[in-house]
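S.K.: First to last, the protein sequences are chains A and B. For the first sequence, my numbering begins at 100 and goes up steadily by one. For the second sequence, my numbering begins at 114 and goes up steadily by one.
The set of hints was computed from the structure by calculation and includes no laboratory data. There are no misleading hints in this set.
Some, not all, of what chain A presents toward chain B, calculated at C-beta under 10 Å:
no.	residue
1	Y117
2	Q122
3	V176
4	D179
5	F254
6	V266
7	D288
8	R319
Footprint (simulated), chain A over chain B, 3 or more residues, beta carbon under 8 Å:
no.	segment
9	126-135
10	179-190
11	218-224
12	274-281
Each residue gets a CB set at the ideal place from its N, CA and C atoms; glycine is no exception.
Here are the chains, one letter per residue:
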Amino acid sequence: MLARRDPATQPEGVVAGYAQTAQRWPAEPLLRRPPTRSELSGPADLRRRLAPLRGDLAGQGAKRALGQLIHLRARVVDEDGAPLAGTLLEVWHCNAAGKYIHPNDTNDAPADPNFYGAARLVAGDGGLVELRTIKPGAYPVPETRGWWRPPHIHFSLWGRVWLSRLVTQMFFPGEPLNQTDYILNAIKDPAARSRSIARLMPTERGPANALVYEYQLVVRGRGATASLP
Amino acid sequence: MSSVKLIPTGEMTLGPFFPREFAQGANDLTLLDGRQAPGEVIEVSGRITQLDGRPLDNVVVEIWQADSRGRYDAPGFAGWGRAATDADGLYRFRTIKPGAVEGRLAHIDFLLLYSGLMRHLQTVMYFEPGADPVLDAVPAARRELLVAKKTATGWRFDIRLRGEGETPFFDD
Numbered sequence: 100m101l102a103r104r105d106p107a108t109q110p111e112g113v114v115a116g117y118a119q120t121a122q123r124w125p126a127e128p129l130l131r132r133p134p135t136r137s138e139l140s141g142p143a144d145l146r147r148r149l150a151p152l153r154g155d156l157a158g159q160g161a162k163r164a165l166g167q168l169i170h171l172r173a174r175v176v177d178e179d180g181a182p183l184a185g186t187l188l189e190v191w192h193c194n195a196a197g198k199y200i201h202p203n204d205t206n207d208a209p210a211d212p213n214f215y216g217a218a219r220l221v222a223g224d225g226g227l228v229e230l231r232t233i234k235p236g237a238y239p240v241p242e243t244r245g246w247w248r249p250p251h252i253h254f255s256l257w258g259r260v261w262l263s264r265l266v267t268q269m270f271f272p273g274e275p276l277n278q279t280d281y282i283l284n285a286i287k288d289p290a291a292r293s294r295s296i297a298r299l300m301p302t303e304r305g306p307a308n309a310l311v312y313e314y315q316l317v318v319r320g321r322g323a324t325a326s327l328p
Numbered sequence: 114m115s116s117v118k119l120i121p122t123g124e125m126t127l128g129p130f131f132p133r134e135f136a137q138g139a140n141d142l143t144l145l146d147g148r149q150a151p152g153e154v155i156e157v158s159g160r161i162t163q164l165d166g167r168p169l170d171n172v173v174v175e176i177w178q179a180d181s182r183g184r185y186d187a188p189g190f191a192g193w194g195r196a197a198t199d200a201d202g203l204y205r206f207r208t209i210k211p212g213a214v215e216g217r218l219a220h221i222d223f224l225l226l227y228s229g230l231m232r233h234l235q236t237v238m239y240f241e242p243g244a245d246p247v248l249d250a251v252p253a254a255r256r257e258l259l260v261a262k263k264t265a266t267g268w269r270f271d272i273r274l275r276g277e278g279e280t281p282f283f284d285d
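One chain only, chain A, in its complex shape (with noise of 0.2 Å):
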């Protein structure tokens, strides 16, 4: 069975000074379930309904993306610490001037022709994934007072069963935007809330003129599989 979440590494659901939540959260507390075959099963290769898309996001030569080139190394792991191999991970971000290539991005920015901010991977050996692409720029929230988002580069991934799923954003060590994200801050504990940002890596372990980050993605569950009850 899977552990219960944990309030306090968790967010809350209403966030003062992010709007939306007040009208999409439930007014009603979430009801707990006993955990059946249905909620500890998953699928076993989601490849067969969405396929991997692009691994590069910064482009080369003429056609690299603008701004500073990162290159993540991010490890997905249970709650043992176990690798999960061959799990699907889905990657977001903005360019390096804080814009989306999206419809309801209304940030007045300047696109970059050569960047692409999109990219579905799967983890290899030891549960790792690696991206190189491009730091995301902060942008400001409309119909805020000033909030701007820090940089972020957005996941969604599946674990082993269907209650595994995880839906998150990483942040960059050092951003004093960090201190006033109210995403990253709806996160009371603040062990919790560094385990959301990457570690800065030695520039001589990565590839050349890359800054090197590592993360590590924790899922809900233990163990090879989840037991059944």
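Go by the hints and put chain B onto chain A.
M.R.: Only chain B this time, still in chain A's reference frame:
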């Protein structure tokens, strides 16, 4: 190995800029690798609204279900799908009517991802009321909110995130 105890990464909202190409193309579960899955083809659709009643555009809806014989991840049917709502708040799946899973009524698990949802929301759609350990965990007066309505074209399952007629959601 078992001495290690890591804490699951904090969940955070999908945000408003989930790539459109990710949200599209996976809402027909009846075909897998070009082959028709066995069972009754049905359409499952519904409208997703927020507290003020406004329908929500581009909500990402993911489902997980058994095949027509009540088996998960059986050959010929993957059981997983994803759709996004349109400007009228409508999502639409084409799928196979699931069979009853051991100890459960026939049902489809739902997971919602959206801007303003700090964590994903989970709920369950049923085809008819009855005895079911998960439906029994819902207060009796709210159970009917999880039972889809039969329509001329399929099954209708509307979802209200918050407010009057709020859909029951599950923590796990």
